[in-house]
Every structure is written in structure tokens, then in C-alpha cells.
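Student: Those protein sequence lines, which keep their order, are chains A and B.
Each residue of the first sequence is one higher than the last, beginning at 5 in the working numbering.
Each residue of the second sequence is one higher than the last, beginning at 591 in the working numbering.
Incorrect hints may appear among the rest.
30 Å max Cα-Cα, derived DSSO-like pairs, lysine-lysine [as the list claims (entries may be wrong)]:
1) B:K1000 - A:K98
2) B:K680 - A:K80
3) A:K95 - B:K680
4) B:K620 - A:K19
Covered stretches of chain B, going by a simulated chain A footprint (3 or more residues, C-beta under 8 Å) [what the hints assert, rightly or not]:
5) 682 to 692
6) 836 to 850
7) 891 to 904
8) 917 to 924
9) 968 to 981
Simulated from the structure, these hints should not be mistaken for lab results.
Positions of the beta carbon are idealized from the N, C-alpha and C atoms, including for glycine.
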Amino acid sequence: MSEPLTETEVRHIAKLSRLQLSDEEIAVMAVELSAIVGYVDQLGEVNVDGIVPTAHAVDVQNVFRADEIRDSIGTKTALSNAPVSEDPYFKVPKVLDPGAV
Amino acid sequence: MITATEIAKSVRSGSMSARDAVQSSLSRIKEHDSSLGAFLFVCEDHALEQATQVDAQIRNGQTDLPLAGVPIAIKDNICTDFAPTTCASKILNNFCPPYSAHVIEKLTHAGAIIVGKTNLDEFAMGSSTENSAKGITRNPWDRERVPGGSSGGSAVSVASGMTPLALGSDTGGSIRQPASLTGVVGIKPTYGCVSRYGLVAYGSSLDQIGPMARTVEDAALLLGTIVGHDARDSTSVAKNAPDYVANLSNPIAGKKIGIAREYFGEGLDAQTRSAVEFAIEVLRGLGAETVEIELPHTKYAIACYYLIATAEASSNLARYDGVHYGHRSENPRDIFELYSASREEGFGREVKRRLMLGTHALSSGYYDAYYLRAMKVRTLLRKDFEKAFANVDVICSPTTPTTAFRIGEKTDDPLAMYLADIYTISANLAGIPAMSVPCGFDSTDLPIGMQLMGPAFSESNLINIAHQYEISSNHFERVPG
Chain A
5 MSEPLTETEV
15 RHIAKLSRLQ
25 LSDEEIAVMA
35 VELSAIVGYV
45 DQLGEVNVDG
55 IVPTAHAVDV
65 QNVFRADEIR
75 DSIGTKTALS
85 NAPVSEDPYF
95 KVPKVLDPGA
105 V
Chain B
591 MITATEIAKS
601 VRSGSMSARD
611 AVQSSLSRIK
621 EHDSSLGAFL
631 FVCEDHALEQ
641 ATQVDAQIRN
651 GQTDLPLAGV
661 PIAIKDNICT
671 DFAPTTCASK
681 ILNNFCPPYS
691 AHVIEKLTHA
701 GAIIVGKTNL
711 DEFAMGSSTE
721 NSAKGITRNP
731 WDRERVPGGS
741 SGGSAVSVAS
751 GMTPLALGSD
761 TGGSIRQPAS
771 LTGVVGIKPT
781 YGCVSRYGLV
791 AYGSSLDQIG
801 PMARTVEDAA
811 LLLGTIVGHD
821 ARDSTSVAKN
831 APDYVANLSN
841 PIAGKKIGIA
851 REYFGEGLDA
861 QTRSAVEFAI
871 EVLRGLGAET
881 VEIELPHTKY
891 AIACYYLIAT
901 AEASSNLARY
911 DGVHYGHRSE
921 NPRDIFELYS
931 ASREEGFGRE
941 VKRRLMLGTH
951 ALSSGYYDAY
961 YLRAMKVRTL
971 LRKDFEKAFA
981 NVDVICSPTT
991 PTTAFRIGEK
1001 TDDPLAMYLA
1011 DIYTISANLA
1021 GIPAMSVPCG
1031 FDSTDLPIGM
1041 QLMGPAFSES
1051 NLINIAHQYE
1061 ISSNHFERVP
1071 G
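The task is simple: from the sequences and hints, build the whole structure.
Tutor: Take a look at the structure:
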């Protein structure tokens, strides 16, 4: 059985998940995630020596298609759901500022 | 209640107009949905326009419309370019997709009329439809109980006769579990049978779209309409669709039915157990043989699923970034805060929990112990089924361990909620087809479902057995009050 997750670990996972959790959410999440992780730990008892992992249940081979130009939805439609845009771009806060993460 | 098969026949023969069929569905929605909450969006104008078009096609002599004039409800994680697609999430509030899913194109082509989009657990993550940012959906058999989930809205639309058909999606039981809890038929097809193009991704190696209907014949008719290869989904299997309806009346004498004790163990409600055992007796009465089988890794299925599905979700849901579409936080200081504040504000509790678990399972130092190990256990689960299907045609079990639970009963205990999917999850991990068919009621008149699982691409056989059972039991004739 693994140790319960600490709030520091939960904060790290939240950062990786890009979720700005409140302190209260962090505390609740630590308890809930620890319970779930404690449950999934039972997989540790299964002997998986020499077992090939399954990523897809049905055999999937690389699927290729001809490299041909086709119709696409176009810039205007692609931007139609953007919360902020400036034709023909999506707009985000400045990313080249040295102070930014 | 009139079936989809009957509606399509009448509309094709001209004895009923598609417009009348749609009007009748729309008026049932108006009458019942304010107290049930199955629909997030009703597209009345679009539906009536489509119906007028189908009526014109019929008048012009077009006969190849298998679902002519049949009203259908669509789970709101399937893209429609004529109606919003929100996944019952704040992060996709008012999102209007620029294209429709492959299944929507297929349905329109077949003459079906989409009347609305149905409620679900946010991003299909849940087993009760309580994790919706848009409000709960009630079970028509007992309005204080959940309809199951995540395709709860679609299940309720069919169970209460608002539409004869609905589409759901099933990642760990999200079609079969609500079908069982609301007394309808639900099919999760073999992975790769139905194109996922336009289905908002949750766990991409597990997700499948499938039919929900009141009778097996209707479910078969709908399945036949939506299967088929689509180049826009690279996991779509290039196989010709069999005529599922044509095999309905085959005798089932001599079919071998596997019974696994792992599906009848601790946690199974006594009344559910006896209803399923009785249903198996009915199948024996029809000449089927029962064989005891073992699926020894079943007890690891939930742990395996919650690592794989959440890992895939953490990757799939990275696209909700406040940049391309969906909710964006106001006045972020920098790009990191734009992402993390938009996601914090847009996602609900269960989605955050699963994204956190999936991120953890994939993160440096934990990948081998969690994600990789889960993928290996998935192989063992698959092998259990391969071994079993060497000796039997189908495996029979309960669909769910209990009948519908009370609203709020499991919302504070995520693990207890996950256990509601204990019998349905393995089929997704193994990629095999599985369906739920009503097999009776408990002492408080709540529906019970029987699950049939078969080897990959054996839908026709499952449907045949389910139909033969259904016509010998007639549970579908009972409707909620």
C-alpha cells in the first residue's frame, strides 16, 4: 500500500494538469486521490512478468493516406469559437516576457 | 409506444408523415421533460425542416431510408453542426461545432430526425448523470433515483417514450449501465465498428458510440445504420456491416452461454441475481446450453480502467486551454494562468479528479507502476476472454450489481460510484461487444438488466440471442407510469 498523497504532491500534479486548484480543493483532492490510489494499488499484486502491454484492444496498424490537398474548414470557421482572436490568429497573453512561466 | 421499426415502415409506405412522427415526439418532450431533465437542447426547427425533407424524399419515390422519419435523441458529446455540443460542461458552454460527427451524417442519410441533445455526466465521466454542469436527469421509474450514466439523458428519452431511439457513448459502461437502470436496450459495439469522428474524446482506446432503444429489433436497426468504415477515424475497422435485423429470428438452440462466477459474487443484489438467473433459465428453455467459465482477472478491471481511462483523458482534455474554443478566464496574468484558471473555472469536480489521477499515473516516477502496469493487466483481461470464447458463444451476467440508486447516494464517495460499473468495464478494456437487455423488475418496480458479451464482431449473435429472449419474456411491454 502506498503512502497517502501529501498536499505538496497534489499541488505538483495540479500544476502538471494545468488546474489552478484552491487550497480547499487541494486538501479535499489529497484525501480523495489517496483513496483512489490506494484502491488501484491492488494491481501491484498481479504477476505481469513477460506480459506485453495492450494500448489498443483491436490490432491497429499505421494507417496511411495519400498526401493530397483536400478541402478544410478554413480560417474563419476555425476561429469562430475562439474566445479571443484577431484575424487570422488566436490571441493569447504575451509569452516572450522573461517574467512569464 | 410505437417502435422505430414501425415508424420507419409507416413513413416509407406513406401512411404516416415524418412531420407527424416528429411532432408527436416534440410534444412528448414538452409534456415530460421539464420533470425529467433528459434534454439539454431541443432542435425543433431543424427537426421539422428535416422531417419536411424526408417527406419530400418519400413522395419522390426514395425507398432506401431505413430510419425514415424516426425521431432520435443524441448524447451531447456527439458533434452536431446545427446544435450546440457542450458535453454538459461549463468549459464548452455554447460551443457550436464546425462539423457533424460521422454517425450524424449516417443518421441523416438514413432519414432519421435528430430532435435534441441529451444530458450526460460531464465529458461522459460518471455513472449517474449527476456530474452534469447543466443539472440532473431523473429516472422515470422513480424520480428520486438516478437514471445511471453517463448516457443518462439518452436512456431516459427512450425509457419515457420521448424518442424511440437514442445514441449514447460507452467508455466503461456508459450505454449499458443507464440502459439497465431505466429498462431499455443498449449496445456497446466492438471497438472500431462505429467511427469516433466527431465524438468528443474521453478515453480514446475505449470509447464507442452505440444505440439505445426500447426493443432489440430497434437497437439492431439503429446499429446497422451507424456502423461502417470511416477514413476520418484511424481506428475504424474496414469491415462490411452485417444485416443485424435479418438474423433476429434465428433459433438459438445449441448456443453455448458462459456463466462466470466472478460476475455473481459479493456486492450483487439478491433480486438482481435471481432475475438474471431466471433469464438464463429462459435461454436454456430456448435450447441454449450453459457452461461454467472463469474470468480470473475480473477483480482488477476497475483499477485497470481508472488508470487507463484517466491517463487517456488527461491527454485528450489538454485541448481545453482557453485559446481555441470554450471558456477562457478573464484577465490572466500570463499564459500559464490562462490555461490553469480557464480549466479550473471550466471543469467540474469529477473531471478534475480524473485529470489529476491520469496525470499522476503518467507522470515521471509513476508511469511504470501505474499506467504501464495497467496496460499489462489489460492484456491479461483480454486473454481471459479469449480463453472463455474458445468454449462459449456468449457470456451472460447482470449489467449492474444493483438497480437504480438514489439521487445523491454516491456523490460524496467516488470509489463507490466507480463500483457501479464493475460488470461493464471489462468489455471496453477487451474491445469486445456487449449489450444490456431488460430482464425484469425488483420488488419496488425498478428495472433490471442482463448483459450479453461476445467475441469481437459478434454483435449479430448477441442481438439474435437478446431478441429471442425478449420475445419470450416481453419485459419491454411494461412502461414507466
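Student: Would you mind marking each hint as holding or not holding in the structure?
Tutor: Do the hints match the structure? See the list:
1. Simply put, B:K1000 and A:K98 have alpha-carbon atoms about 44 Å apart, too far for the 30 Å limit, and the pair is violated.
2. Of the pairs offered as hints, the one joining B:K680 and A:K80 holds, with about 24 Å between alpha carbons and a cut-off of 30 Å not exceeded.
3. As the CA atoms of A:K95 and B:K680 are separated by approximately 21 Å, the hinted pair is consistent with the 30 Å bound.
4. Taking the CA atoms of B:K620 and A:K19, the gap is near 45 Å; set against the 30 Å cutoff, the hint is violated.
5. Using a Cβ-Cβ cut-off of 8 Å, 4 residues of the region 682 to 692 of chain B lie near chain A, which meets the minimum of three, so the contact claim holds.
6. With a cut-off of 8 Å between beta carbons, the region 836 to 850 of chain B has 0 residues touching chain A; three or more are needed, and the interface restraint is violated.
7. Using a Cβ-Cβ cut-off of 8 Å, 6 residues of the region 891 to 904 of chain B lie near chain A, which meets the minimum of three, so the contact claim holds.
8. Only residues whose beta carbon comes within less than 8 Å of a beta carbon in chain A count, and the region 917 to 924 of chain B has 5; three or more means the coverage holds.
9. Remark: the region 968 to 981 of chain B is confirmed as covered by chain A, as 4 of its residues place a Cβ nearer than 8 Å to a Cβ of that chain, reaching the required three.
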